[in-house]
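Engineer: Given next are the chains, with one letter for each unit.
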Amino acid sequence: MAEIVLDNVVKRYPDGFEAVKELNLEIADGEFMILVGPSGCGKSTALNMIAGLEDISAGELRIGGKVVNRVAPRDRDIAMVFQSYALYPHMTVRENMAFALRLAKVPKAEVNQKVQEAADILDLNEHLERKPANLSGGQRQRVAMGRAIVRDPSAFLMDEPLSNLDAKLRVQMRSQVARIQRKLNTTTVYVTHDQTEAMTLGDRVAVMLSGVLQQVGSPMELYDNPANLFVAGFIGSPGMNFMPATLENGTAHLPMVDVPLPADTLERLGRHRGAGDVIAGIRPEDFEDATNVEAAVRDRGITFKAHFDLVEAMGAEYYAHFGINAKEIVASEELQELRDDAGGVEEMTESGDTVLVARLSPKSRARAGEESDLWLDSTKLHFFDAQSGEALTFRR
Amino acid sequence: MDQENTPTRKTLWIFAVVGVLIYALVPVIWIASLSLKTPESIGDGSFLPTHWTLHNYTTAFKTGFFTASLRNSIGIALITTVIALAFASMAAYAITRLDFPGKTAILAGALAVTMFPAISIVGGLYNVWRNIGLFDTWAGLILPYLSFSLPLSIYILSAFFREIPWDLEKAAQMDGATPLQAFWRVILPLAVPGVFTAGILTFIAAWNDFLFANVLTATNSARTAPVALSYFTGASQFQQPAGAIAAGAVIVTVPILIMVLIFQRRIVSGLTAGAVKG
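Chains as they are written, first to last, in our numbering: chain A, 1 to 396; chain B, 1001 to 1278.
Since the hints were made in silico from the structure, they are not lab data. Be a bit skeptical, because a hint or two may be false.
Claimed, not checked - Across the chosen pairs, the derived CB separations fall in these ranges: (1) A:D75 <-> B:P1189: 23 to 31 Å; (2) A:R70 <-> B:P1189: 45 to 53 Å; (3) A:D55 <-> B:P1027: 54 to 62 Å.
Stated by the list, open to error - Rough simulated footprint, nothing fancy, chain B against chain A, three-plus residues with beta-carbon under 8 Å: (4) 85-95; (5) 100-114.
Note that the Cβ used here is the ideal one computed from N, Cα and C, for glycine as well.
Given the sequences, and given the hints that come with them, work out the whole structure.
Structural biologist: Quick look at the structure:
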């Protein structure tokens, strides 16, 4: 058991490229910390530095209070699960899991017992004498987990451990990882590019972009109170809708409707309340079909007409897509990053309008090609600085 | 493209295979046949012996110098192979895994060494070896064999090491292995096919060498079998020792055959299958 502290940690490559810039992160004993971000954001580099597989260019890394910058990986007492699993192909499952203990010269009886315990947890008993080549993807993944568990290390490091599994198995393994971590209560650092994994697994989530830590907090903190445009757009699925807006006299002029801002939002905006051109962000669930909004909450929002060009039925909810006549927001670098992460394309209607997505209750009668009344919760609006991407509505 | 196994295609294949087999095997059978003929019938021109005898084999072993040369050959080739594999595996590992200045220069240098014509250094070596006492010793042959077989072994092994996922080594490090343990217990077992390939080639090269062995040895203490064959004499100086030479040639071929047959089973590819995802 140990806490992990990254103190101004920097990774600089010989060509001058900084993969990780002054990273400060404190991971408490027993905590499940997620490092999340698009590819190339430095999350894996950060993990490898904690593991000792990459040198730290500057700053200090402490595990359990001891500075370990120059300590070899084998002496850090941490176990790692690799994205590729990295199982030893010439060893059986049992030998794979026992390898670390054998190296540590643990008595044979104890090794067997520990391997047995791990195999019980991971349901690997009938595969112990098989070689990795004869296992399915999910089984290999469990062996990789088992190899980490048997050692009873002071921390687990996991580098996208589920990304090679198919979608269904990934969801299953996700809950298994969460249960195992809760049961063993071992400090865990988990790297992923999947925001769903980040939201569902982590005690806390650290969002990174271009080597810079954007925000750290519990999943719900990040979701409700993002520090900037990138975090807001990255966390949540479907992602937050962004559109150009103008703030003046306590009113937000959105492309589809003018919204008088509630007192709380104005207070948070503070000196930015007349900031002029900004970017507004609305989560899909903060829209609702106007006919389904209860009278009690109707007053805290505003209703406008929307023309749906696509309605996706998900069973428990509808995703209704509608266009707004807005100029494209080009200035924001963070929006560009989000777009790249989503595959580099932005959704547009046939007439070239920007598309917003509303998450509606299944009671909604919204149909594609029809116009209907859409309600917007004005207390849930987010505003971001158009240049810096900083959240103007950030609650400190 | 038409990939069907039409009768014509099959027939053509059979002809081609039989042709290659005849081309490759007839000389070998011819030598074996010669070695079993009596001295009187050796020039009779018939493909198979008319009078069978093992006399040539007993002749080959009678003098003792052929037996000594066999011992030399086996010893020198085995020692060369073991040393070459030990150094080549470490060098190849360093070249594939580490980034150090002059890496390409080392590889280029190694390649240049293999292309170096042996005949151009053998004269110089003869004089040097005589002066420093390596002439007519096992070490005197092992050293030049090593310098010619190491580069090739390094090339073969580094190709195999490159195929092994780096993650495996990282995993071993995380599991508490020292670099040497990671190399010895994880990387090397996976490179076994490469090790055997390099080993066989090194052994064959050392076993077959005639040039160095002929120039750098003089007596039974280091003379190898191929050279010993050339020193066979008949019962009188007017008699051709062709039968005994043929018998010797067959005997010299046997260890190589055994080596290849044993190791061929070990050269199994796909050993790394299942290491990473799937």
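Engineer: Now, for every hint given, state plainly whether the structure supports it.
Structural biologist: Verification of the supplied hints:
{"no.": "1", "hint": "A:D75 <-> B:P1189: 23 to 31 Å", "result": "24 Å, holds"}
{"no.": "2", "hint": "A:R70 <-> B:P1189: 45 to 53 Å", "result": "30 Å, violated"}
{"no.": "3", "hint": "A:D55 <-> B:P1027: 54 to 62 Å", "result": "60 Å, holds"}
{"no.": "4", "hint": "85-95", "result": "holds (count 6)"}
{"no.": "5", "hint": "100-114", "result": "holds (count 3)"}
Checked against the numbered hints given earlier, this structure breaks only hint 2.
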